[in-house]
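Visitor: Hints in hand, dock the two standalone chains.
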Amino acid sequence: DTGVSQNPRHKITKRGQNVTFRCDPISEHNRLYWYRQTLGQGPEFLTYFQNEAQLEKSRLLSDRFSAERPKGSFSTLEIQRTEQGDSAMYLCASSLSQQPQHFGDGTRLSIL
Amino acid sequence: GENVEQHPSTLSVQEGDSAVIKCTYSDSASNYFPWYKQELGKGPQLIIDIRSNVGEKKDQRIAVTLNKTAKHFSLHITETQPEDSAVYFCAARDSNYQLIWGAGTKLIIKP
Numbered sequence: 001d002t003g004v005s006q007n008p009r010h011k012i013t014k015r016g017q018n019v020t021f022r023c024d025p026i027s028e029h030n031r032l033y034w035y036r037q038t039l040g041q042g043p044e045f046l047t048y049f050q051n052e053a054q055l056e057k058s059r060l061l062s063d064r065f066s067a068e069r070p071k072g073s074f075s076t077l078e079i080q081r082t083e084q085g086d087s088a089m090y091l092c093a094s095s096l097s098q099q100p101q102h103f104g105d106g107t108r109l110s111i112l
Numbered sequence: 001g002e003n004v005e006q007h008p009s010t011l012s013v014q015e016g017d018s019a020v021i022k023c024t025y026s027d028s029a030s031n032y033f034p035w036y037k038q039e040l041g042k043g044p045q046l047i048i049d050i051r052s053n054v055g056e057k058k059d060q061r062i063a064v065t066l067n068k069t070a071k072h073f074s075l076h077i078t079e080t081q082p083e084d085s086a087v088y089f090c091a092a093r094d095s096n097y098q099l100i101w102g103a104g105t106k107l108i109i110k111p
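Residue numbers (this note's numbering), protein chains in the order written: chain A, 1 to 112; chain E, 1 to 111.
Next comes chain E alone, as it looks inside the complex (with noise of 0.2 Å):
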C-alpha cells in the first residue's frame, strides 16, 4: 500500500525567509497530494493541493511542486510570517481514494 514520508519533522526559519517541507511518495498510481495546516486544538485546513497532471501550483506565498518519476512533492513558503507557524501534513491518495498521511512537519517562525 501507499506509504508517506515527510521531511524534516522541525524547521525553525527567520521571519521573512522561505520555508521548504518535502514529502515522498510510494505508490506511483496515487493521483492527489494535498496540503494541511495543523494549528494547536484544532483540525487540520486544507492549504493548497496538487494532482498529478500538474508539476506546480502556487496561491500566494504558497506553493507546491510535484515530480512524478521521482515520486516527491514539496510545499514551498515563501516570506514567511508568525502566523505560519504551524504543524504541516503532507498526504497522497491512494488507489483506494484514501489519504495517506505524512508524520508532520512542525514549522517554528523565530521573529
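Same shape as in the complex, but just chain A (with noise of 0.2 Å):
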C-alpha cells in the first residue's frame, strides 16, 4: 500500500494562468474525491469519481475547475483562469466504495 500520492506538492503561478494537479489513488480503490482546503478551516468537497464516473460535483466548483478520471484510476483536476481566491491545499482522497477516505499530502496552490 503506498498511499495517495499527488503532485506537484507545490505550484505558483500567475493570476490568469492555468494549472493542473495530480493525483494517484490506491490502487484497488475505486472512489477518487477532491477536497479544498484553506487556512485554518476543515476541508472541502469539490467532487468525486466513482471508477471513471464523475458522480458529483460541489456549487464550489465552478465552470473554471474540470476534473477527470479517465481510465479510473489516476486523476487531474484543472483550473483555468486562475484567481486569487483559488490559493489553497487541494486534497485528493481514494476509499473502497463506502469505506473510509484516505488522503494524499496535497497540492499547494499559490496565485500571484
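Incorrect hints may appear among the rest.
Unchecked claim - With a Cα cut of at most 27 Å, we get these calculated DSSO-like pairs of lysine-lysine:
no., chain 1, residue 1, chain 2, residue 2
1, E, Lys58, E, Lys71
2, E, Lys37, E, Lys57
3, E, Lys110, E, Lys68
4, A, Lys57, E, Lys37
5, A, Lys57, A, Lys71
6, E, Lys37, A, Lys11
7, A, Lys14, E, Lys42
8, E, Lys57, E, Lys106
9, E, Lys42, A, Lys11
10, A, Lys57, E, Lys42
11, E, Lys106, A, Lys11
To be verified - Using C-beta positions, here's what the derived DEER-type ranges look like:
no., chain 1, residue 1, chain 2, residue 2, range
12, A, Glu28, E, Tyr97, 18 to 28 Å
13, A, Gln80, E, Val20, 38 to 48 Å
14, E, Asp17, A, Asp63, 44 to 54 Å
15, A, Pro100, E, Lys68, 11 to 21 Å
16, E, Glu79, A, Leu112, 41 to 51 Å
17, E, Ala29, A, Gln50, 15 to 25 Å
18, A, Arg81, E, Asn67, 42 to 52 Å
19, E, Lys110, A, Arg59, 39 to 49 Å
20, A, Glu28, E, Thr10, 33 to 43 Å
21, A, Phe74, E, Ile62, 28 to 38 Å
22, E, Asn67, A, Leu60, 29 to 39 Å
23, A, Asn18, E, Lys68, 42 to 52 Å
24, E, Pro111, A, Asn30, 36 to 46 Å
25, E, Leu40, A, Pro100, 14 to 24 Å
It is worth saying that the hints were derived from the structure and are not from the lab. By construction, the Cβ of each residue, glycine as well, lies at the ideal position given by its N, Cα and C atoms.
Guide: Structure representation (C-alpha cells):
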C-alpha cells in the first residue's frame, strides 16, 4: 500500500494561468475525491468519481474547474484562468466504495 | 444540509493529561463519524471512526463517543504525548454520502 500520491506538492503561478494537478489513488480503490482546504478550515468537498464516472460536483466547483479520471485510476484537476481566491491546498482522497477515505498530502497552490 | 460544529478551536494540555474535543451535527440521517489528524504540511489521517449503531469505540489511547439523541460526538485522547500535537478534524457523512467537516481543533501538548 503506497498511499495516495499527489503531484506537484507546491504550485506557484500567476493569476490568469491554467494549472493541473494529478492524484494517484490507492490502487484497488474505486472512489476518488477532490477537496479544497484553506488555512484554519476543514476540507471542503469539490467532486468525486466512482471508477471513471464523475458522480457529484459541489456548487463550489465553478466552470473554471474540471476534473477527470479517464481510466478509473489516476485523476487530474484543472483550474483555468486562476484567480487569487483559488489559492488553497487541494487534497485528493480515495476509498473502496463507502469505506473510510484515505488522503494524500495535497498540492498547495499559490496565485501571485 | 448537514452542518458540523467543532469545539474548542484550540486546546492546550499538559503532557500526560487527557484531551477532549467535541462536535455537534445537524442531520439526524448522518450515520458515520470519522476523526482525522492533520500535521503541518500533510494530508488528514484517519485515526478513529464510529458508526451510528455504536455508542463508543476505543483504540489504545484514543476513544470516540456518540450520542445520537443529542447529535454530538467526542474524541478523547488519554495520556497525551508530544506527538499528539496536531490539528484534529471531526466529520459527519451526510445523506448524500459526503463528508461534512468541522473547522478543526489545534491540540498543543505542553511538555
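Visitor: Could you run down the list of hints and mark each one as holding or not?
Guide: Going through the hints against the structure:
no., hint, in the structure
1, Lys58/E with Lys71/E, "holds (19 Å)"
2, Lys37/E with Lys57/E, "holds (17 Å)"
3, Lys110/E with Lys68/E, "violated (33 Å)"
4, Lys57/A with Lys37/E, "holds (25 Å)"
5, Lys57/A with Lys71/A, "holds (19 Å)"
6, Lys37/E with Lys11/A, "holds (24 Å)"
7, Lys14/A with Lys42/E, "holds (24 Å)"
8, Lys57/E with Lys106/E, "holds (22 Å)"
9, Lys42/E with Lys11/A, "holds (15 Å)"
10, Lys57/A with Lys42/E, "holds (24 Å)"
11, Lys106/E with Lys11/A, "holds (26 Å)"
12, Glu28/A with Tyr97/E: 18 to 28 Å, "holds (19 Å)"
13, Gln80/A with Val20/E: 38 to 48 Å, "holds (45 Å)"
14, Asp17/E with Asp63/A: 44 to 54 Å, "holds (50 Å)"
15, Pro100/A with Lys68/E: 11 to 21 Å, "holds (20 Å)"
16, Glu79/E with Leu112/A: 41 to 51 Å, "holds (46 Å)"
17, Ala29/E with Gln50/A: 15 to 25 Å, "holds (21 Å)"
18, Arg81/A with Asn67/E: 42 to 52 Å, "holds (47 Å)"
19, Lys110/E with Arg59/A: 39 to 49 Å, "holds (41 Å)"
20, Glu28/A with Thr10/E: 33 to 43 Å, "holds (38 Å)"
21, Phe74/A with Ile62/E: 28 to 38 Å, "holds (33 Å)"
22, Asn67/E with Leu60/A: 29 to 39 Å, "holds (31 Å)"
23, Asn18/A with Lys68/E: 42 to 52 Å, "holds (46 Å)"
24, Pro111/E with Asn30/A: 36 to 46 Å, "holds (44 Å)"
25, Leu40/E with Pro100/A: 14 to 24 Å, "holds (22 Å)"
Of the numbered hints listed earlier, the single one contradicted by the structure is hint 3.
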